[in-house]
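Enquirer: So the sequences go chain by chain: A and B. Using the numbering used here, read the first sequence as starting at 1 and increasing by one per residue. Using the numbering used here, read the second sequence as starting at 1 and increasing by one per residue.
Since the hints were derived computationally from the structure, they do not count as laboratory data. It is possible that some hints are incorrect.
[As the list claims (entries may be wrong)] These stretches of chain B come out as covered by chain A in the derived footprint (C-beta under 8 Å, 3 or more residues): (1) 86–98; (2) 229–235; (3) 383–390.
[Said to hold, decoys possible] Taking lysine to any residue and the SDA-like style, the derived pairs with C-alpha atoms no more than 25 Å apart in a straight line are: (4) 242(B) - 86(A); (5) 223(B) - 227(A); (6) 223(B) - 165(A); (7) 242(B) - 190(A); (8) 242(B) - 226(A); (9) 242(B) - 166(A); (10) 223(B) - 190(A); (11) 153(B) - 223(B); (12) 223(B) - 166(A); (13) 223(B) - 86(A); (14) 108(B) - 242(B); (15) 242(B) - 112(A); (16) 47(B) - 165(A).
For every residue, glycine included, the Cβ atom is placed at its ideal position computed from N, Cα and C.
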Amino acid sequence: MTFELSEDILEAILNTGKEMVKVSNLEDLAHGDTNELSKAVTCLKDKGYLTESGDGLSLTDKGTVKAAQVARKHAVLTSFLTEVLGTEPDHASKEACLMEHTVSSETIERLDTFLEKRSSGHKTGRGRGWRRAAGQEKTSPQEHEGHAGLTKRNPIVSLSECAEGSLLHVSMIRCFGKHSRLIDLGVIPGELITLRRKLDNHAVVITVKGCDIALSPEVAENIMVERCNTQ
Amino acid sequence: MMRRAVLIGNPSVGKSLIFNHLTGLGVEVSNYPGTTVGLMSGIVRHKDTEFTLTDLPGIYSLSGRSDEEKLVREYLITGDADLIVAVLDAKHLERNLYLLLQAAEIRKPLVIVLNMMDDARSAGKIIDADVLSKKFGVPVIETIATEGKNLEKIADYVIGDELPVPGIVPRYDHHIEAAAKSLQKYHDLSEAESLFALENVSLSSLSPEVMESAAVISSEIEKRHMMSPDQIIGANRHNTAKTISEEVTTLSPQKKRRDLDSLLTRGFPGIPILIITMVGILSIVFLLGGILEEGIIGVMTTYLLDPFHALDLNPFLDTVGSAVILALMSGLGIAFPYVFLFYIFISILEDTGYLTRAAFLADRGMHRLGLHGQGLIPLVLSFGCTVPAIMSTRFLPTRRERVIASVLVTMLPCSARTVVISGIVASFIGFGAAFSIYGIVFILVFVLGCVLSRITPGEQYGMILEMAQLRRPIPKYVVKKAWMRVSEFLYIAMPLLLISSVFLGIFEYLGLVTMFESFIDPISTAVLGLPGFAFTALMFGILRKEMAFETLAIMGGTTDLASILSSSQLYIFALVCVLFVPCISTIAVLMREIGVKTAALITVFTLTLGLSLGALLHFVFMLV
């Protein structure tokens, strides 16, 4: 427990992207058990992963490397679960949280190679797509400050999680058989789409090939997309 | 032998405008065998030559599984069309090319109509029709259907001597191409058929063996690509479409136009606008329709029914004659005030493109009832008149939704039922009681919707709906569309109305009604607590719901209903009348839209529901 909690703490601090993080912000990780939390923090400080000052906790260099490893495992596992197995993104993220502590580095390397081969094997420009996205990533370091080398692409999320106005790249459609009309309208992997409107129930309007298309929430959540950073 | 041309294209590309312009008024709406999809055909007379023109439903692809897509696919592959007229929206050329490529692969004579050239130009897109024509190997006609520009050229072309077949070959993934070739060779299929087989799309000319061997090859390809052949083929076609579109289109910078959608599709102020629009339409039709209906009934009574009675024919002829007049009154009393008015508004909403925005906003609420956003229209219409409401279920994408919507629409109180509620309950018992009837009906509809959304067979698809362009409607076509609906309604409902009215008339003449009354009296008193004449009045409500109210007054011999029936009896009468058996016109439309079997089921269901609820209420009143 303490081992998993300490990894979660490191990952959480890294993910905030801030220099300093208050201990109180980490309470959720220990499910409110402050005793457990302070034990883990002390342990991490002893091992030289964290330093504490008046403003809060910050990662040491050693801590940053460790945190990056955990975050990478998380990202690779999540993309494997969503892209290959078609798991719901929320669920996939939770599962990945559990697996990241026990999975070996070798398995992660193999999984990553597998994912990469798979995407470049696609005929429809999926490979082209993420390489372009990866290229753009360099031009917008603010997006991934401190995350360089974690993943080679932007996270793949479902359309319903994106913000209004974002330019997106379709990477996969889950439960495809049910939504074959999407192909007819041009929503296929590799296509660039714009999220025009999003209602609070996550019904969306997207622009694809110059046409506006309304999708109900259950359709939108099955479209997996990758954010494209506009210059 | 007349030539036969068919119009195909995406939804709202102006096909119907072209069809209407070329055919004039001699249009015939028929159901394609085995479906409930309406197919419009007409004869075009052009330069002393005649040809038939058929308007196929607007679709995005030939490979889909909806009724419309199946119909178009069968029609193009196995039908006897001599020429395919493919209508494209020039502004959205790339997306429209997808269907065109598919249609071109069928290798039948084809001509491309590039419509909405004006829209494309104002959007800064200049399309080189010559290059497009060379690419496909068939002529391209540039048109502006809203102005009628160049539409005659289409007719010229149809009756012309040369009808070239498109020669374009889209590039497919080499595994797909190899698989298609071998299917063609072993099963003697056409190119298009082999692709349909690979996409696992049914077609009457493909035998189960062909589908089976195609399925084996498909699963091989799917393993290799981790993508199903229909996805690969779709992606390949889109890529071809993209390349062609980029080659023929020149983009010029455009002015940024005002975006009304920022108002219409946001939760605020979109939803208030939606509510105002719907309530506005409903109340206009409610008020205006009521006045018009009264007028029509009044005029017909003064100038037709009364003079007819004055003729003093023998009693049998008088009964039959007045029954016919009564049926005419019922039919026309619905057709013009309600069907026509509603369709004027609906056509305006449809032609402006607002309907799709309304559907988007309403999607959430409709979900609970097992419907999607498009289901809003029938439900709103049903407060006016059930008939146009059921006719509008045609906009719904799946049969499942059409059935659910039809059931709910049949139950919701239409304006005629409102007359019954207000005329009987509100005036003799009170407003609270009147509202409680509405309450009971709404609860029933809600519960029924929740239940139906679980038990109705058929897959539930999410809403995937293209937002139509916002544009100004053309009054001429709005009126024409509404007019077509009215004539369609009269055509299907009139015969049934006439027959049932005449039968009721004859029964009355033979004294059967009195016999029925004395027969039903004990049962009706025991079960519903209503005297026999009240039950007979309910039966007359089948012709027109208000007639239940009118007949009750006639049979009771007084307009002061409170003097002949107690409050609880009046309440039961009104509730049963509102719920049980839809009127004859509704039954006729139900039969046409969702089939005789389902229509009969709905009728029996509402009958049982109305009677059992009435009986239950009677039981409760007795206990109290």
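Enquirer: Each hint should be assessed against the structure and marked as holding or not.
Expert: Now for the hints, and whether the structure bears them out:
1. With 5 residues having a Cβ less than 8 Å from any Cβ of chain A, the segment 86–98 of chain B passes the three-residue criterion, so the hint holds.
2. Restraint check on the segment 229–235 of chain B versus chain A: 5 residues with Cβ-Cβ distances below 8 Å, three needed, restraint holds.
3. Three residues within the 8 Å Cβ limit are the bar, and the segment 383–390 of chain B against chain A gives 0, so the coverage statement is violated.
4. With a CA separation close to 29 Å, the supplied pair residue 242(B) and residue 86(A) exceeds the 25 Å bound.
5. Between residue 223(B) and residue 227(A) the alpha-carbon distance is near 28 Å, which puts this suggested pair outside the 25 Å criterion.
6. For the proposed pair residue 223(B) and residue 165(A), the alpha carbon gap of about 36 Å is over 25 Å, so the pair is violated.
7. Straight-line distance between C-alpha atoms of residue 242(B) and residue 190(A) comes to about 13 Å, which keeps the hinted pair within the 25 Å bound.
8. The hinted pair formed by residue 242(B) and residue 226(A) meets the criterion: a straight-line CA distance of about 21 Å does not exceed 25 Å.
9. The hinted pair formed by residue 242(B) and residue 166(A) meets the criterion: a straight-line CA distance of about 22 Å does not exceed 25 Å.
10. Taking the CA atoms of residue 223(B) and residue 190(A), the gap is near 20 Å; set against the 25 Å cutoff, the hint holds.
11. Of the pairs offered as hints, the one joining residue 153(B) and residue 223(B) is violated, with about 49 Å between alpha carbons and a cut-off of 25 Å exceeded.
12. Of the supplied pair hints, the one linking residue 223(B) and residue 166(A) is violated, its CA atoms being roughly 34 Å apart against a limit of 25 Å.
13. Of the pairs offered as hints, the one joining residue 223(B) and residue 86(A) holds, with about 16 Å between alpha carbons and a cut-off of 25 Å not exceeded.
14. At roughly 23 Å between alpha-carbon atoms, residue 108(B) and residue 242(B) fall within 25 Å of each other, so this suggested pair holds.
15. Taken as a hint, the residue 242(B) and residue 112(A) pair is broken in the structure, with Cα atoms around 32 Å apart against an allowance of 25 Å.
16. For the hint linking residue 47(B) to residue 165(A), the alpha-carbon distance of about 53 Å lies beyond 25 Å, and the restraint is violated.
Checked against the numbered hints given earlier, the structure breaks hints 3, 4, 5, 6, 11, 12, 15 and 16 and satisfies all the rest.
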